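Novice: So the protein lines, in turn, are chains A and B.
Note that full-length UniProt numbering has the first sequence beginning at 1, numbered continuously upward.
Note that full-length UniProt numbering has the second sequence beginning at 1, numbered continuously upward.
Simulated from the structure, these hints should not be mistaken for laboratory data.
Bear in mind that the values here come from a model prediction, so they are computed numbers and not experimental data.
There may be inaccurate statements among the hints.
As the list claims (entries may be wrong) - Derived pair list, reagent style DMTMM-like, types lysine to aspartate or glutamate, alpha-carbon separation capped at 20 angstroms: (1) B:Lys197 / B:Glu262; (2) A:Lys155 / A:Glu92; (3) A:Lys155 / B:Glu112; (4) B:Lys154 / A:Glu92; (5) B:Lys154 / A:Glu106; (6) A:Lys167 / B:Glu259; (7) A:Lys91 / A:Asp123; (8) A:Lys136 / B:Glu259; (9) A:Lys193 / B:Glu677; (10) A:Lys167 / B:Asp357; (11) A:Lys193 / B:Asp694; (12) A:Lys167 / B:Glu160.
Stated by the list, open to error - From chain A, some residues computed to sit far from chain B (all C-beta separations above 12 angstroms): (13) Gly58; (14) Lys59; (15) Arg74; (16) Asp88; (17) Gly93; (18) Val95; (19) Gly108; (20) Ala114; (21) Lys116; (22) Gly142; (23) Thr144; (24) Met161; (25) Gly177; (26) Ala210.
Every residue gets a Cβ at the ideal spot worked out from N, C-alpha and C, and that includes glycine.
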Amino acid sequence: MKASLTRQSFIAGLALAGLSLSAGSVLAQGAAKIGQPAPAFQAVDADGKTRNLSEFAGKTVILEWTNADCPYVRKHYNSATMQTLQKDMAKEGIVWLSVVSSPVGEQGYVEGSAAKELTAKRDAAPAAVLLDPNSKVARAYGATTTPHMYIVDPKGTLAYMGAIDDKPSSNPASLNGAKSYVRQAVAELKAGKPISEAATKSYGCAVKYAPLS
Amino acid sequence: MAQTSRQGFPRQGFLHKAVLAFALIAPALAIAAESAAVSSPRVTATLLSSRDAVQPGERFQVALVQKIARGWHTYWQNPGDSGEATRIDWALPAGMTASDIRWPAPKALPVEPLVNFGFEGTLLLPVEITVPESAKPGERVTLKANATWLVCEKICIPEEGAFTLDLPVEAAAIVDENAQSRIDATLAALPQPAGFKAKLTSDGDRLALSLPGLSAQASEIRFFPLSDTLIEHAAPQPATPAADGVSLQLARSSAFKLENAELSGVVTFKEGGLPRSLAVTVEAEPALLTAATGASAAPRPAVVRLPLPVEGADLTLWAALAFAFAGGLILNLMPCVLPVLFIKALGFAQLARAHRDEVREQGMLFLGGVVVTFMILAGIVVGFAALGSSIGWGFQLQSPPLVIALAVIMTLIGFNLLGAFEVGTSAGGVGQDLASRGGRLGAFMTGALAVVVATPCTAPFMGAAVGYAVTQPPAMGLAVFLALALGFALPVLALSFAPGLLRLLPKPGRWMVILKQAFAFPMFATAIWLVWVASVQAGPGGVLAALVAVLAAGFIVWLVGVTRGTGRLRLAASGLAALVALGAGWFVLQSAVPSATSEARAGDIQAWTPERVAGLQAEGKPVFVNFTAAWCITCLANERVALSRQEVKDAFAELKVASLKADWTNRNSAIAQALAEQGRAGVPLYLFYPGKKDAQPEILPQLLTPDMLVTAARRAAGKEIKTASR
Numbered sequence: 001m002k003a004s005l006t007r008q009s010f011i012a013g014l015a016l017a018g019l020s021l022s023a024g025s026v027l028a029q030g031a032a033k034i035g036q037p038a039p040a041f042q043a044v045d046a047d048g049k050t051r052n053l054s055e056f057a058g059k060t061v062i063l064e065w066t067n068a069d070c071p072y073v074r075k076h077y078n079s080a081t082m083q084t085l086q087k088d089m090a091k092e093g094i095v096w097l098s099v100v101s102s103p104v105g106e107q108g109y110v111e112g113s114a115a116k117e118l119t120a121k122r123d124a125a126p127a128a129v130l131l132d133p134n135s136k137v138a139r140a141y142g143a144t145t146t147p148h149m150y151i152v153d154p155k156g157t158l159a160y161m162g163a164i165d166d167k168p169s170s171n172p173a174s175l176n177g178a179k180s181y182v183r184q185a186v187a188e189l190k191a192g193k194p195i196s197e198a199a200t201k202s203y204g205c206a207v208k209y210a211p212l213s
Numbered sequence: 001m002a003q004t005s006r007q008g009f010p011r012q013g014f015l016h017k018a019v020l021a022f023a024l025i026a027p028a029l030a031i032a033a034e035s036a037a038v039s040s041p042r043v044t045a046t047l048l049s050s051r052d053a054v055q056p057g058e059r060f061q062v063a064l065v066q067k068i069a070r071g072w073h074t075y076w077q078n079p080g081d082s083g084e085a086t087r088i089d090w091a092l093p094a095g096m097t098a099s100d101i102r103w104p105a106p107k108a109l110p111v112e113p114l115v116n117f118g119f120e121g122t123l124l125l126p127v128e129i130t131v132p133e134s135a136k137p138g139e140r141v142t143l144k145a146n147a148t149w150l151v152c153e154k155i156c157i158p159e160e161g162a163f164t165l166d167l168p169v170e171a172a173a174i175v176d177e178n179a180q181s182r183i184d185a186t187l188a189a190l191p192q193p194a195g196f197k198a199k200l201t202s203d204g205d206r207l208a209l210s211l212p213g214l215s216a217q218a219s220e221i222r223f224f225p226l227s228d229t230l231i232e233h234a235a236p237q238p239a240t241p242a243a244d245g246v247s248l249q250l251a252r253s254s255a256f257k258l259e260n261a262e263l264s265g266v267v268t269f270k271e272g273g274l275p276r277s278l279a280v281t282v283e284a285e286p287a288l289l290t291a292a293t294g295a296s297a298a299p300r301p302a303v304v305r306l307p308l309p310v311e312g313a314d315l316t317l318w319a320a321l322a323f324a325f326a327g328g329l330i331l332n333l334m335p336c337v338l339p340v341l342f343i344k345a346l347g348f349a350q351l352a353r354a355h356r357d358e359v360r361e362q363g364m365l366f367l368g369g370v371v372v373t374f375m376i377l378a379g380i381v382v383g384f385a386a387l388g389s390s391i392g393w394g395f396q397l398q399s400p401p402l403v404i405a406l407a408v409i410m411t412l413i414g415f416n417l418l419g420a421f422e423v424g425t426s427a428g429g430v431g432q433d434l435a436s437r438g439g440r441l442g443a444f445m446t447g448a449l450a451v452v453v454a455t456p457c458t459a460p461f462m463g464a465a466v467g468y469a470v471t472q473p474p475a476m477g478l479a480v481f482l483a484l485a486l487g488f489a490l491p492v493l494a495l496s497f498a499p500g501l502l503r504l505l506p507k508p509g510r511w512m513v514i515l516k517q518a519f520a521f522p523m524f525a526t527a528i529w530l531v532w533v534a535s536v537q538a539g540p541g542g543v544l545a546a547l548v549a550v551l552a553a554g555f556i557v558w559l560v561g562v563t564r565g566t567g568r569l570r571l572a573a574s575g576l577a578a579l580v581a582l583g584a585g586w587f588v589l590q591s592a593v594p595s596a597t598s599e600a601r602a603g604d605i606q607a608w609t610p611e612r613v614a615g616l617q618a619e620g621k622p623v624f625v626n627f628t629a630a631w632c633i634t635c636l637a638n639e640r641v642a643l644s645r646q647e648v649k650d651a652f653a654e655l656k657v658a659s660l661k662a663d664w665t666n667r668n669s670a671i672a673q674a675l676a677e678q679g680r681a682g683v684p685l686y687l688f689y690p691g692k693k694d695a696q697p698e699i700l701p702q703l704l705t706p707d708m709l710v711t712a713a714r715r716a717a718g719k720e721i722k723t724a725s726r
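Make a model of the complete structure from these sequences and hints.
Specialist: Encoded structure:
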């Protein structure tokens, strides 16, 4: 290899090295953004079936991050507020996906059978419970709390992200007079209006993340 | 009187009873200055009074004390990514009042990948109580407080407690020295008023918080805003020294909402190894204010793609492919790429006679280099578009280290063209060199280099095509980029396949050496321009980094040159060269940190925000928006030949056109989004908004002329016919 490196290859090699370097720093960014295509995902549901966001193209999809023992989640389920919301949304033809992102060994982790039991016991009505023990879906969406809500419109665009309502409290009394950001966004979406509060600060327990492997 | 905490989890029967038992006997044990404890396995809480007896009319301190078990934490006013602040509700005798909690400075508590703001260990939350003048010595006052808090480890448990302090009223207060000193210590450690006003400015995706008066010696600086809809709590907050004090770079919250121009927060830092904290009032630039209904409802001019000029129109796939091909062809004529292509052509001229097949092969390899590099770049851009994040065409030039790498490359090419050093077989000459295996790689790499240096330029037709590419499914997007690559590679490829064209080139000779040397100067000019771009992106640190990188590269090339063919010495030299390269690389990455620049560079022209456009339109002013970047040559050319011309300035002044500048030199997702809305993936983009509320903008072509601007300004002002005699 006696000095076979030519001028151009030497130079261009440097350039490409720089290029890949800058691409790496770009990769660090990029979570869900309102008005942008919702991050695609693939996850196994409680029945062991692989589900994709793309299979719901043309439908409104609601993602609900959940963790059964979290006091904030319990506030919404013990009062049946969440189940009512799920059923009302189903009536509108909206796909409701509950996402569990706790990894194995962390509080909130469930297997498919346990997830189904929970759904039955609580009389919940999600279209599916997605199991995300690698926290991949959570990372793609940047979910921080349980509950944390996302609404994807029929075109696959992220229309809402944030809190379930405007009362950041675990106290069941706070449900009285709470404004449901989800209902508001869905109504506006249906009416073809811009979402008046498309991004809000979610509240609740921290999503338990699997370490990046 | 005391109650136990209400357990969030049901499985603590024994402990629950134990706590209950303790709580029942506790009042008997409690000294007057401290309430009965409310205990859980996680928190033991009491209400601590600095008085054993209070005096009419006085103010005194009480504190909610939380002894938090190891590993657990409770929350500050803004809890960060999750959680809930501790609250105290008071029930006080008539005339008695309690202040809000005086919050100590919080700590950032990472729960990967999230961050909470809160407290660990033992926490005192002081409150000031005012005793009414009407209180009579000999009476007793009973302070009742209901406190709720959330305590989390990885799991979270809401707890609450009811506390009672029953204190006698005396003519003179009886201070509990121990309690007073504990509370005083907490009060002394509270964030001190900063004594300066911080400023919050927009930097697109990011926010810049300037903290004038903060010492340059401060380390581990962190800003905790009271509002939880201001910043991404988990994002790092890099600090850069500013003209006076320090500037913090903050990531804008995805739920960003700012209704008042003034906000507050706490800045914690270390000085001389000691933790300090300041309570700061922050003044936000008006452009950051969002409408009361929320961030997303902020007026954003609606977007309709106008059929007006060809650029920006909705395209079909075929049209996009044709546009891309044409754009690629024209790109060859842009100043960025020309020197590289000339070098390639010179190589062909030298080979033309003897090695026609070689030339063809070279042409194909060049094409390969162009296509592969375009596909890498396109793959990144299209891939990110598919993931829902826009990075846009030219994104790589938003990275100061890469801009600096390009500057180094340009300098080296320049010196190489001048003959200062030879890379490659020293004696063989270009011809032999090219015929070698390395020559093949070289031809491929020239193609790659041509694409890399071409990215600062945008040719006509390209904007719409690239914009189309990033909004389509990946396969179609890549097809468009492929068309662009083919158009770009075509002239060199044609030259390599057309013997007739090659014969047009003069015979190699002395003129070639001179021409080759002459081409060094555009290279140096490009390098100067890139160093300037780095200075715009990263300030003086960027210039320093660039020049150090050039120095290191020069040294390495020299070292490799002098030790060529010298056996063992060469090994040592290679090691040293690698060391210098690593050191310089590290230095560049350290010093070339993007800084907030958009505002600074805008001068008297205001920085662009969608809100500002909407506001100006509502005032009836036509608005011109210039989407530009320091690294975009086409943009700079337009600024020189059209935007800065006197007749344009006059017309703008006469028609009361407001000029806004959207500077994309550094990453800025708001600008990227606005570009995407117009079907573009990169700069330049010129928009003219009529001075009517919500009116749609006209998209101007990518190469401007003064006439074009003046006519568009008239159209936007609704005065196009009258002043035709101008």
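Novice: Taking the numbered hints from earlier one at a time, note which ones the structure violates and give those numbers from smallest to largest.
Specialist: 3, 4, 8, 10, 15, 19, 22, 23, 24, 26
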